[in-house]
Every structure is written in structure tokens, then in C-alpha cells.
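The task is simple: from the sequences and hints, build the whole structure.
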Amino acid sequence: MTKPTWKNPVVKWIDHRLPIFTFIDHSAIQHPTPRNLNYFWNFGSLLGFILVVMIASGIILSMNYTANASLAFDSVERIMRDVNYGWLIRYVHMNGASMFFIVVYLHIFRGLYYGSYKQPRELLWIIGILIFLTMMATAFLGYVLPWGQMSFWGATVITNLFSVIPFFGDTIVTWLWSGFSVDNPTLNKFFSLHYLLPFIIFGLVFIHLWALHTHGSNNPTGIDVKGDKDEIPFHPYYTVKDAFGLGFFLVIFLGFVFFAPNFFGEPDNYIEANPLVTPPHIVPEWYFLPYYAILRAVPDNFIDVWGWLPVIIPAKTAGVICMFASILLLAALPWLDTSKVRSANYRPTYFWLYWIFLINTIILGFVGAKPAEGAWLLIGRLSTLYYFLHLLVLIPLVGRFEKTKPLPDSISSSVISVSTKDEEPANA
Amino acid sequence: MLRHKFIIFFAAATISGFFSNVVNSAGVAVKPGEEAWTTNGVFGSFDRKQLKRGWQVYNEVCAGCHSIRLIYYRNLAEMGFSPNEIKKIAGSVEVPAGPNEDGETHKDDEPIMRPGKAFDRVVSPYANKIAARVANGGALPPDLSLMTKARINGANYVHALLTGFKEAPSGFKLSDGMHYNPYYPGGQIAMAAPLSAEAVEYSDGTKATVEQMSKDVTAFLIWTAEPELEERKRLGIKVIFFLIIFTAMLFAVKRQIWSRLK
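Heads up: the sequence lines are chains A and B, in that order. To convert, count from 1 in the first sequence and add 1; that's the working numbering. Position 103 of the second sequence, counting from 1, maps to 83 under the working numbering, and the rest follow consecutively.
If you're looking for bench data, these hints aren't it; they were derived computationally from the structure. Each residue gets a CB set at the ideal place from its N, CA and C atoms; glycine is no exception. Heads up, none of these hints are tricks.
Computed beta-carbon distance windows for the label pairs: (1) B:Pro76 - A:Arg79: 19 to 27 Å; (2) B:Lys87 - A:Gly170: 50 to 58 Å; (3) B:Ser72 - A:Leu72: 25 to 33 Å; (4) B:Phe222 - A:Phe24: 27 to 35 Å.
Below, the structure is given as C-alpha cells:
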């Protein structure tokens, strides 16, 4: 990489004192990137874009929103009806949250398939999980703000989870609520935190990128870059590819905003919060459903089943522990996965485990939407069991016994043989 | 637009078909049938004549018990009422006038009233929720402003409910003061069948059958819930049309730039 020389005197003057242009040139223009990244590598920049959209639309919404239990619901409806293009901004923000999670799940499952979490990208992965957790907290807090029935009852259920913390549980819940139930002070607090957390995400994203640019992107072969032939500059190749991906994404995103804006929502949230009326089914937003299923999967007779456990853990506590563990365990994945080969393309056994794990997670999502009873509960329990079996047993074992396929000599040799085959018809 | 429809459908089916919470409320109710609302689909729009008829049904029948508190008289202009008509409609009701120049809000224990204006909310039938319950045997008639968004399959549900009243099947235990309606969760609802043939007289000559009135008032409620619907879909068509072309161009540019690599 060469150090750029700046012709524009103003740019030159600034860059000499604060090398911001050199920084941009290094990290977004010249940044050497593996030449074989497929479209699954589009989601990182897409997530950055969505974060900016969410912050921008959120700031505008907050100018018209009132964080008061008796005014919040109507203030959102005023945005929908009387603020110029308020409906557009609000629907963008609302559907943007769902899009954020769809894309982040694709991003995470990309990492799982291609082993992007492995040495030397462990910290990159862990920071990613921190971003994901902060996103979840932000989404939960934001869902409370319109003060509909699901806002209120979702907040009640989720905040109650913290009551299982030993000794301090009830104190913590009272502190979260700023009172003795979800009420006006809770709404105020959640609004404040909902405004704060996105900026923390923004900071974490910078650290995520810093770590990413230290060793560069992983790639579909999972092998390391071996020379200049393996890499191409980020601009124009990946800027244009990301731009195309962004256009494609916007068609889908705005398709929902304009033509099915309430597709991801719960009708109950168009009923104003009422502490005296519990909705027949309290369900979280779709992106929390797999965790909700894990939470509810733990049997009530947990102590009987595990009677020999020296520590007595009530079912609710165990459920909460399982739910948080299901995410936190992912942070240990770089060490749980014992295979030296990154990409599932060269790991015949892991390939199948990966797809089973993905399907299992989707099943958990289904189960989360159903009442916790009968067959659904049983499926939820088996799926929960498999989720942990995959992470704690299968992943460590398969790396030890799997016979991996031979890896290509280099990234360029792997692409060039493929790409000539692909492009022959176009040339003919 | 076919492509756009396809993308929506595809995205919808794959991503959320999986997760969309097939919520079934506690008492499993009969699924409402699909009606062809003018607002359906990508090109959906309001039928203003129908909205006016729907407003008439709301005003003459539903408004006896149900409020639409998110709607102001001025909003009626969006349905095609002229400023003069709105003045007349709003002026036909009385609203509390607030303190007069002497600071009084009441005279002889009666609140001082003034005629309604375009900027007033459509007046609610009851002063408060308790008064509403007292007048309705303990049941609270819900506000209808957002009804078609606040129920699963909202518009179809409202229409099915309004036209779905019938005799309870033998063996069905109907509680006191309740009415049988298979579309309502649990099968019994405090509201009696609100519509009967010729309950209103349409000025445009449309025959006021129960089916017709129900459709009209439901269309009206789609408008109260989503007054932006028409503007949203019209803008959406332009935006998506632009984006598809723009994205196709980006794809061509991408192909060209990447063809430099060989």
C-alpha cells in the first residue's frame, strides 16, 4: 500500500496535521481485500447503513415523541397522522429494526459457516457479539416506547427476568422500573436508554472495524491471504458491490415500509397499554422468539430432574440462565471449535452440523411464537437441548475427528479456476 | 410491479413466514373470509364515496357507543367533504367551551358548551370509560380509530364480525346479556348486532343492506386507522420503481468493474 500524495492544498494542509484523508484512503479506498468474497460479505456494510438510518430516523422521531405514559401512544399516532411524512419516518424506523435483525442474523450465520470467528479474529467476533447484545437491548427498549399493549406487557415480562438474580434480583427489578411496576418512570428511563445505546453501538462498530482491518476479512475458502494476487483494493471493487447489494436490500426494506408496514408487528400494539388487561398471548418481537423458546423450555420440575444438583436452581432461574448462555456461549466459539480449517466448504461433517443448527434455530423461533404447551413445548425442549449439544459437544468433537477436504493453494488459484468457468459463456 | 410483488412475497414467505406469530387468541374463533377492499394491493386506494357512506354509518349507528378519538373533523376533508360541509358536521355537535372571559367553565352546574369546529376531535359518546361501562352493562365499547390495525386480519375481521351475528347453536352456553358471534374470540360478545337493513338512508341511492353498510363502515375504519394508506402506496410505487432501475444499473456497473479482474 502506498502513501497517498494529496494535490488539493486544503486537503494537504489538513492531512499533514490530522491524517484523516490518509486514514480514509487506507481503510476504505486502498484497503486490500480478498478477491473472492461472495455476496454473504455484503452484510457488514449493510448493517452500518441500517445503523445510520435507525439513528437518523430515531432522532427525528424523538423530536415529536412524548415519553409520558398518558401521552406516548397518542404522540406516536400524531406522528403517523399530523407530522409531515411522520408515517414514513416511523415505518422506516419500525421496519428498520426488523431488517437490522434479519441482516445481523445473516451476518452471524455467515461467520458461523465460514469460520470467521477463528484465530486471529476471535476478538472481532466477541466485539460482534457485544454489538448484537446491545442491539437486542436497544430493540427491546424501543419496542416499549409506543406504549401499546405488547410494549407494556413485553416490558413487564422481560424486566421480571432480572428478578432471578440471587440476593439482589428484586432490588434490581425495582431499580429498572424506577418504581414497583412498569409505569411512567420506566417509560422515561427506557426512552433515555434507547437514545443512548445506539451511540454505544456506533462506538463498538468502530472497534469492530478496527479489529477487522487488523487482519482483514475472512473469505469463502477460509485460507489466509498469501500475496498481492489474492487481494484487490476495496474501492472500486467492493464499494460498487456493496452499493448494488444496498440497492437490492432497499427494494425489500422499502417494499415492506410502503406496502406491508405492519407485517412484522403485533396488532395488539395498536391498543394502548392497559395494566389491567393482559393480552391472551404475550409474544416478543419475532427476532427474540428463539431465545423466548429457550427461556420457556426449562421444565418446572427442573429440581426433580436434576435433583442431585448441589445448588438449588428454580426453573425460572435456569430458564434465564439458558437464555443468556445461548448467546454468551457463542463468545466462546473460537475455543469450542477445535478445527483448524475455517470454511465449512472444506469440512464435510461440520457442513451438515451447520445446516442442522440453522434449521434448529428456526424451529426454536417457531416454538417461541406458540403457547408453551403440548407438542410445541416438547419440540422446544428438544431443540433447546440440541442447541447446547451442538455448541458444547458436537463442535468440540467434530473438529477432532473430522477428515477435512484438501484446501486450495491460494485464494487466487481457487477463484481463477472457478471464474474462468463461470465467465466463458459471457465472453462467447 | 410483478417483480416487486414477487420480491415482497418471496421475502415475506421466507423470512417471516417462518416467524410470523400465528397467534391464535385464547378462544379459537372462526376465520373471517377474504374481502376485496379497494385499499388492497400495491395499487390500492380509497373509494371516497364509500368512505362518506361509511362515515354516515359510523355517525348514525356506531357513534352511539364507539368513539374514534384519533380523528378530527378537519380530517374529513380527506374523504372529500368540503370546508362548508365540515363546518356543518362539526357545528352540529356541542363541545365544552372551556373557561370564558370570567374564568367560568360551568353555569348552573352545567358545563358551558360551544358548537364544534373543524379542529375539534370527533366527539366521543361518553365522558369517560366508567360512564361508557355503566351505559353498556359493564362492557367497554372500544375506540375504533385503529381497529383494523389492532386486530389480526383487521378489516376482514371487522366485516365478518358485523355481519356474523346469529342464533347460538344448541348446547352453546351464552352468558346473560351476551350475543353469539362465531368470529369473536370465545364466541360471545356484549355488543348486539348493530346493523339492520335500512338502518341508514344513503343519499347516493345505494341500498342500505347489512352487507353494504358493514363494508362501507369497515372501509371507513381502514381510513381512520391508516389515513396515509393511499399516499403511502402511491409514493411507494415511485420509490420502488426507481430503486429497481437504479439497482439494475448498479449491477451493470458492478459487472463492468469486476470484469477488469481476470
